[in-house]
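Asker: Now for the letters of each chain:
Protein chains: 2
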Amino acid sequence: MTTLIPIDQGRLWKRHMAMAQIGALPNGGVNRPALSQGDAQSRSLLARWAEELGFSVETDPIGNLFIHRPGTDETLPPVMAGSHLDTQPTGGKFDGAFGVLAAFEALQAIHEAGIATRHPIEVVSWTNEEGSRFQPGCSGSSAFTGAVPLEQHLEAVDRDGITARDALAAVLSTERGMPMRPLGFPVAAFLECHIEQGPKLEEAGVPVGIVTGIQGSRWFAIEVQGDEAHAGTTPRRNRRDALSAAISMVAALERLMFDEEDRVRFTVGRFEVSPGSPNTIPGRVFFTIDFRHPEASTLKRLGDQVDAVCRAHVGPCSVTITETFHSLPADFDANVIAAMRKAADLVGVRTLDLPSGALHDAKFLQEVCPSGMIFVPCEKGISHNEAENAKPEDLASGARVLAEALAILANS
Amino acid sequence: MTTLIPIDQGRLWKRHMAMAQIGALPNGGVNRPALSQGDAQSRSLLARWAEELGFSVETDPIGNLFIHRPGTDETLPPVMAGSHLDTQPTGGKFDGAFGVLAAFEALQAIHEAGIATRHPIEVVSWTNEEGSRFQPGCSGSSAFTGAVPLEQHLEAVDRDGITARDALAAVLSTERGMPMRPLGFPVAAFLECHIEQGPKLEEAGVPVGIVTGIQGSRWFAIEVQGDEAHAGTTPRRNRRDALSAAISMVAALERLMFDEEDRVRFTVGRFEVSPGSPNTIPGRVFFTIDFRHPEASTLKRLGDQVDAVCRAHVGPCSVTITETFHSLPADFDANVIAAMRKAADLVGVRTLDLPSGALHDAKFLQEVCPSGMIFVPCEKGISHNEAENAKPEDLASGARVLAEALAILANS
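As they're listed, the protein sequences go chains R and A.
Numbering-wise, the numbering used here puts 132 at position 132 of the first sequence, and it's gapless, one number per residue.
Numbering-wise, the numbering used here puts 167 at position 167 of the second sequence, and it's gapless, one number per residue.
I should point out that these hints are in silico values taken from the structure, not numbers from a laboratory.
Treat each hint with caution, since some may be false.
The list treats identical chains as interchangeable, and a pair is accepted whether it falls inside one copy or across any two copies.
With a Cα cut of at most 25 Å, we get these calculated DMTMM-like pairs of lysine to aspartate or glutamate [stated by the list, open to error]:
| hint | residue 1 | residue 2 |
| --- | --- | --- |
| 1 | K380 | D227 |
| 2 | K200 | D262 |
| 3 | K342 | E52 |
| 4 | K391 | D227 |
| 5 | K200 | D227 |
| 6 | K200 | D73 |
Here the structure is a predicted model, which means the values were calculated and not measured.
Bound conformation, chain R alone (with noise of 0.2 Å):
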């Protein structure tokens, strides 16, 4: 019989209330934006529980910050697990936070059970995975991976017109003396614990998915102009009326993103209508699509058809359409996914197999190196909303699942 590594549940859900109270918003929720106030204080909390430990605690030009615990050969590269600790403006207590929390928790327990690895084990926390704040999202791992320049994501401005150059030197300062690292380093594999965000855990009364890849996304804006006219007097035939023409687009979309197996995500979540008064024809429309599918073929296939579809429906206006972001579906490492599953077998827990729907910074690491997922479940696929909510023991066997497929991976 093999003595499991002893994650303590009492502690890991009382490191997430204690996370929750910075930020803290009425309702239960937590607004922690990327490089704000509330993010500089989430990471001293984190930081300090880490020196607490005896673990060091570094961090690089993009604010990313890592909790070191050598393994036997320093000399090879570390075998990492985290997620990011910045929230949506309303947010929950988990997204990002669960990671986080998970991978401390099984670095102490792993660490207090006096286990050796050959490989160090590193706890990580990516900058900005929201983009709520600063866009895009995915900063500190992105450009951890090279995928998007640094300074692309440091010349980013918030509403108020602060850099993120400026947001994170204001960070960095509260925290004079952190060794930086320099940007992107070997890594041997990457994990990311995470609430599903979605049903299909609950519904099948599962408390651990090993998650297969993640869907591909991709996103466009369109642009459709009219002429503004009075409502009254104009008649049809004299109209270039853009609501018309893009209510007309939407309505044809969705007829092509109907699939029976409802795999498709196609979502319009923006749609601004100018001028926006009651009697007077709107001159234009802005929407935006967000699609995605698990495969690549299915991606290209529907994806290809939105510019299409859209000039097919414009009517007597005109439209601009941009392809704003495409991110192919990854699949994750069949390694990794195998030490997932033995992990899951060792601490006896029943688990799903099923694909990302949202993107994640495992997305971007998946890239450079082996990487995996695990979910748990949450209330009834709520996240992005102060609603957000999980059971300290579904956290606490996704943890369970995590530091023992940390030991395997770092042993391997």
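Based on the hints, put chain A in the right spot on chain R.
Answerer: Below, chain A alone, put in the same frame as chain R:
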């Protein structure tokens, strides 16, 4: 051969250009909100012109401005002509102003020609026709006729929290000594000149429109309630997508409102989506319907189906439908129309009969006295826009027909 009332085209044009200086915008338009400082300046310019010619100027509790020329029988109610001096925020030089300035030109021409009339003739400038600063609009005419209580108009509040009561008091304080009439009094007939705000006269190459009536309007406010959720993770079967439901409603309403003869006016002008994030399924959509038709039966038949059509397309969301405005079609008075036709014959201009698509102060006056409207062409039918334009000769043609019709009615 009859001597025509000597309308001065150059003087009429010059007054338009002088009035357009007050609140002038860089692109040729005018921003002169109701009861603003600009509105006060435009009133005092008009009053000064009137006093220079020896006419008396009076106001009333909602700030309507009356310029009086005595009749031979001062016990008879006046024949009245006018419109409004307030504008849309990016309005043009002619909407409203033409009706007041044509009436003033007609009054001056009648006066200078030494024509005596049995009825007094009055020029009126109604307060806040546009309704863009204080809602609802047509404050002056609807308070005058009793259609809307004075108190309701005075309690209206603008975006800065200023009440119409305070704004009106500020305007009236600049006119100390101007006599105050009680609200509402008998009127023998009312005539209103206006630019068409539509393309028909320009397309037909006809300088004067005889307006047969004002079409009916029904306004609706539709609120669709769904649930916010993650765009990447939430399957279609679990979504309550408020945008998807609203798109389906508007598409169905467009089918309902389609008419081959192109007489229905159906516009969705406001369409607001919350929270408006590209990767969040919209939880709420608010949109407005502006539906108009010249026939009461069609207004009722189609308008009464709005509720059922929206409910049929609500899907898994919920919807609240409120009718916010219901104005029956109005037919203008046969005697007034006959006087306008006779006047056009005298002047020798071609006319076209047409209904008014827009609402005007004459809609309210028609409820209490015989009323009518004269349209002149405007460039490309454009109004409520800085590009609004009209030709000096068309404005003068309208003023000629108005002057003759006023003389006919004031002597009948």
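Asker: Against each hint, give a clear statement of whether it holds in the structure.
Answerer: Right, here's what the structure says about each hint:
Taking the shortest Cα distances, K380 and D227 sit within 25 Å of each other only across copies (12 Å), while inside one copy they are farther apart (44 Å). Taking identical chains as interchangeable, the C-alpha atoms of K200 and D262 lie at most 25 Å apart only when both belong to the same chain, with a minimum of 13 Å there against 50 Å between chains. For the homomeric pair K342 and E52, neither the shortest alpha-carbon distance inside one copy (32 Å) nor that between copies (99 Å) is at most 25 Å. Taking identical chains as interchangeable, the C-alpha atoms of K391 and D227 lie at most 25 Å apart only when they sit on different chains, with a minimum of 22 Å there against 53 Å within one chain.
In this assembly of identical chains, K200 and D227 lie within 25 Å of each other by CA distance solely across copies; the values are 18 Å between and 46 Å within a copy. Within a single copy, K200 and D73 get their C-alpha atoms no closer than 40 Å, and across copies no closer than 86 Å, so neither meets the 25 Å cut-off.
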